[in-house]
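Listed in order, the protein sequences are those of chains A and B.
With UniProt numbering applied, the first sequence has no gaps in its numbers, which climb one by one up to 684 at the end.
With UniProt numbering applied, the second sequence has no gaps in its numbers, which climb one by one up to 684 at the end.
If you're looking for bench data, these hints aren't it; they were derived computationally from the structure.
Warning: the hint list may mix true and false statements.
You can't tell identical chains apart in this list, so a pair holds if it fits in one copy or across any two.
[Claimed, not checked] Below, computed lysine to any residue pairings styled on SDA-like, alpha-carbon distance capped at 25 Å:
hint: 1; residue 1: K552; residue 2: G536
hint: 2; residue 1: K332; residue 2: E653
hint: 3; residue 1: K83; residue 2: E499
hint: 4; residue 1: K488; residue 2: D457
hint: 5; residue 1: K29; residue 2: H645
hint: 6; residue 1: K636; residue 2: T567
hint: 7; residue 1: K22; residue 2: E682
hint: 8; residue 1: K552; residue 2: N530
hint: 9; residue 1: K86; residue 2: V642
hint: 10; residue 1: K679; residue 2: M338
hint: 11; residue 1: K679; residue 2: T556
There are 2 protein chains.
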Amino acid sequence: MEEEVVLTFNIKKGDGTMGFEKAWLNYYKSDNLAMRDYFTVVTYNKDDSIVKSAVLELTTAAKELFSIDIESSLCDMKSDVDKTRKGIHFQIGDNKDLENEGYRISLADEMLLIEAYTSNGILYGTFDLIRSTILGADVHSFNRTIFPKNPLRMLNHWDNMDGSIERGYSGNSFFFEHGEVIVNERTKAYARLVSSVGINAVVINNVNVRGTATNLITNRYIDKLKQIGEIFASYGIKLYLSLNFAAPMELGGLTSADPLDEEVRLWWKKEVQLLFKEIPSFGGFLVKADSEGRPGPFTYQRTHAEGANMLAEAVKPYGGLIIWRCFVYNCKQDWRDMKTDRARASFDNFQSLDGDFAENVILQVKNGPMDFQVREPISPLFGGMKKTNLMLEVQIAQEYTGQQRHVCYLIPMFKEILKFRTYCKEENDTVFDIVSGNTYGNKNAGMAAVANTGNDDNWTGHDLAAANLYGYGRLSFDPDLTSEEIAKEWITLTFGMKEHVIDYISKILMMSWPAYEKYTSPLGIGWMVNPSHHYGPNVDGYEYDRWGTYHKADHTAIGVDRTKNGTGYTTQYHQPNQELYGTPETCPEELLLFFHRIPYTYQLKTGKTLIQHIYDSHFEGVEDVEEMVKLWEELKGKLEEVPYHRVLHRLQEQLEHSKEWRDVICSYFYRKTAIGDKKGRELY
Amino acid sequence: MEEEVVLTFNIKKGDGTMGFEKAWLNYYKSDNLAMRDYFTVVTYNKDDSIVKSAVLELTTAAKELFSIDIESSLCDMKSDVDKTRKGIHFQIGDNKDLENEGYRISLADEMLLIEAYTSNGILYGTFDLIRSTILGADVHSFNRTIFPKNPLRMLNHWDNMDGSIERGYSGNSFFFEHGEVIVNERTKAYARLVSSVGINAVVINNVNVRGTATNLITNRYIDKLKQIGEIFASYGIKLYLSLNFAAPMELGGLTSADPLDEEVRLWWKKEVQLLFKEIPSFGGFLVKADSEGRPGPFTYQRTHAEGANMLAEAVKPYGGLIIWRCFVYNCKQDWRDMKTDRARASFDNFQSLDGDFAENVILQVKNGPMDFQVREPISPLFGGMKKTNLMLEVQIAQEYTGQQRHVCYLIPMFKEILKFRTYCKEENDTVFDIVSGNTYGNKNAGMAAVANTGNDDNWTGHDLAAANLYGYGRLSFDPDLTSEEIAKEWITLTFGMKEHVIDYISKILMMSWPAYEKYTSPLGIGWMVNPSHHYGPNVDGYEYDRWGTYHKADHTAIGVDRTKNGTGYTTQYHQPNQELYGTPETCPEELLLFFHRIPYTYQLKTGKTLIQHIYDSHFEGVEDVEEMVKLWEELKGKLEEVPYHRVLHRLQEQLEHSKEWRDVICSYFYRKTAIGDKKGRELY
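Looking at chain A on its own, in the form it has when it is part of the complex:
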């Protein structure tokens, strides 16, 4: 029997210079005529590359929104600024109160004034002004002082040097191809796009650093990296690289990568000089160590702190950061081993090191204890570490949430994550508080997302997946924005102000995460996917495997007891969370099967049995997708043909595939439990 993987991931499409669309920077003509007159002249008191970008953005916007060729000029004497005429002025450097990338937009007499302490502030203020103009803002509404709420707002690209993207669903890399770094018009378009939503740090290569990617830190690729660095810098973005912990051996010919070995430490100190010296905007390194087969300090019986601090010392002279991932667990577990619980692993590996990490190390923690499932509890490392810089890692590449073939708007999930109270303190104790630095006053903190872009024309494969890229940026900048606000912004910017468009697409987006959750694995248990590629249902796909992701479903019950009577995972939380999760009665039901082993006949708060809930939610999930398809079809004629059909095609696939999910999951449990559906729907 001959089988081919039917899904084609990472389809080769020639070189990275192919066509690309403008996504949400696709400005339509604006009828916000009251704002028109301000887009006639821009003056600025400093002309570094970032300010130049801001001026360029205003120039582009003026042209595309109002068909105006804006006049721009340097005006470095404050007294020379003409406040009597409508126009825009950038004032940089005076206001120490606006440091940390803040900006203020205000109306000063006739002039719109954008003030900032840093050039980044000016750029963000400019994008705000343009966005607000498109969204119909009145000029008198511009009296706002805004700070990005997270110091680091980062994207992690899992791009490989052969051009493939690990968990990439939008074509190939636009950073790498055939083992080389590539720089072209798309690089700049990318920088504009992500900077417009406030991204200020980008890791361009996969955390799994192998082969030639190990050499990215050497002078082999430095010319191209410099060019990327310059483009990024002009949009206020720092360039980061993922590194290979074993580089001293693989590149340096040393016999060890032991972080306490003097030779190794010296090697790193010498090696990192180049990047910082050649690329002024180089930010530092992301490290996946002792994780899924990657080398790390464990080899030398050293701690993660010893590993990270060695690198931190090397980059410290340049103000560099080491971002160290906490995704460390036993990926060779015997499924017969009932004692090991992967959910415990990050906390067990890192919590005891609290306080041991250098000031310029940030631990990057995935939102949940497992791996980007559609529903997980919050990682107990948030709130579990008080003397350590932490970042939140989320994934907008929809590895487990439909792979950009299904719509799954993740911003509502990210909102829930950020709002989660850890109870590590009496107040300011949410995940947002922790990763923004509020809780413990960390300067080095923030958010990172695994990116969902590729060299597809529309950047994200599914047009609606761009809402996650846009939304992640906006949310990391301002976590107080609601999911609906973000959705409406993105829809308007992308598709224009058209009847029903905002309303229907908003509905689709807002329905999509709950729908995906309903028709896939139930109540927080996760992992009922096909192994390796992770697309499509397979209830036992990981059940007898080595990844520590077991549901243990038998004839009568399903789930693993993770309370203190079970694996003890719940004890990693502070009270009252520990208690909340500790009994089925108090546990939030969407996480019931994550924390507890539950009989199929258990009665949920709805009065339904667990098994009936499984059946009902799966049928509901498919109905939701049917509704989404209908909503989209209503937009025929109101959108451009290409994106309309591109999305329609994927929605139709999603509908078929949601039925596949429904039928596999329901049939699996029907066959196992011998309990039929009360509503008599067809099970197989």
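Given chain A, work out where chain B should sit, using these hints.
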């Protein structure tokens, strides 16, 4: 989560010219001194390339067995043959009674006489003489007239032009590399090896003909193919190629491949000339059409007969054959479709065409209705077609039987297949009778095996897998040989005559197929494997997939009713088989779950319940492997170090992996049925 396929198939090992071992042609010094004197001189009355090979084989054997430089000379006058002196004489061409590759070995005065009508007969007689000598034969035992029992004794290599081998478990191809045909010392070594067991036809390329492989029939590769053809010819082997039914479009630029289109027919007639003209020993083509996505006559609403006959007409002038595979089924079945039964497909697609195929077409039928599972019933096409040439296709590449990492000696299975009575006639009705041509007098008939070789040093990855290659050849030559006889021959030739060696390795081989069957999927149901690569247990791996291979296990029962009350598959058999398979009580229990849906509490003939049988057989299977490991370890010091450790290493892997099989299968059913093991062994 990052996953890599842990198994490494088709490991690249540089070019195909690497080292290789002699396998069963690895002659040790012989102490059969009585035979020694005959290996001093060989005369022959014809000196074509095949006879030269036979002389060369004797020369090699004389040297290696007895350290003798044999004298050889042409002696074309019968009267010149010196019968008074010990020696060997080849007499070719006189005995019409020995046509069809037969030979006679006899003692004529002092001389050993090998007579044949064809040169192939001489070659086979020579290999017989050498083999018998090594096995200790007395010279007076040589009074035998032998005919190969199957006209075609074929190997099908699923080798791709990039050097990979589909379902290859012994390294890469030695026929292709980097898109080119390769010819080197190994080509000749291969020809010797397979000719020594009577193979007379070889298809060198994969039945799935794609990309550049389509061009194999053009002049692009003709020089290399000619060289292979010459090497093969000198060992009595005809070269065959797999072809792409869509070649008239892909190569010829035609708009159709319709077999009734005159232009298409003409194109094929012209195209095939080259191979037959350039390669005198070219035999014809193997065709996989309308199967698993391959093109075929269905596209044009033509029958398989119309498709095959078009090609048959094109090759007829050259005496060529078209071998047409019957592996045709719906590989995009909806698992929710309860009516379609893949087991029925070959019969349903072909039986009604009985009598429609040209004389030089042979239908190649897999042994079972599914696909090379460890246990299947016999395909009902055997006995179902009375006016059509049929060949049996088996697989010695162990795709579903341990992939040459587990020992699984398949000859006992092949014996059962060949002995199966179809009841298509009152006598001479076995599968052997049909495919040898006995039943209906077919001239074009025989056996084919999917080969298990690659460019590994030992040819077959697992040293003991060579027993399947050897055994397949010997069995296709002489189906009356017992599995034990074949095993003993192979062991002696490969490892030499040493204490315990024959005994212990025989035991291992003879235990291996039953053991594999015990610890994998139970009672003929098959398919409980990981999708795609097919290694390792996964009970639901294919359950909700599109391949038509479902067990439908629920809480109370397992299996699909394939009787006349179910899918009707049993009605494809003649009586009394139809009746035999028709009830659980009469059905052979090793096939019980293939034909019936059975409750776990059903009592088997042993008195055990089905569920207890599943538990017991799985624990027994592992115990058998433990025994196999022990037997092998007893041979330490009696075998050469390299093969000893190579096999030991694989046996140890097999032991661990058989436990994995046992525990996954048993736990799956324990969880589903809620019925524990009566013996209280640990389930998970």
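Hint by hint, here is what the structure shows:
For the identical chains of this complex, K552 and G536 are neighbours both inside a copy (20 Å) and across copies (20 Å), given an alpha-carbon limit of 25 Å. Within a single copy, K332 and E653 get their C-alpha atoms only as close as 34 Å, which misses the 25 Å cut-off; across copies the closest is 16 Å, which meets it. When the C-alpha separation of K83 and E499 is checked against a cutoff of 25 Å, the pair qualifies neither within a copy, at 38 Å, nor between copies, at 107 Å. Taking CA atoms no more than 25 Å apart as the test, K488 paired with D457 passes inside one copy only; the shortest distance there is 23 Å, against 65 Å between copies.
In this homomeric assembly, K29 and H645 come within 25 Å of each other (Cα to Cα) only inside a single copy, at 23 Å, whereas the closest approach across copies is 76 Å. For the homomeric pair K636 and T567, neither the shortest alpha-carbon distance inside one copy (52 Å) nor that between copies (45 Å) is at most 25 Å. For the homomeric pair K22 and E682, neither the shortest alpha-carbon distance inside one copy (45 Å) nor that between copies (60 Å) is at most 25 Å. Taking identical chains as interchangeable, the C-alpha atoms of K552 and N530 lie at most 25 Å apart whether they share a chain (17 Å) or sit on different chains (19 Å).
For the homomeric pair K86 and V642, neither the shortest alpha-carbon distance inside one copy (39 Å) nor that between copies (88 Å) is at most 25 Å. Taking the shortest Cα distances, K679 and M338 sit within 25 Å of each other only across copies (22 Å), while inside one copy they are farther apart (36 Å). For the homomeric pair K679 and T556, the shortest alpha-carbon distances inside one copy (21 Å) and between copies (22 Å) are both at most 25 Å.
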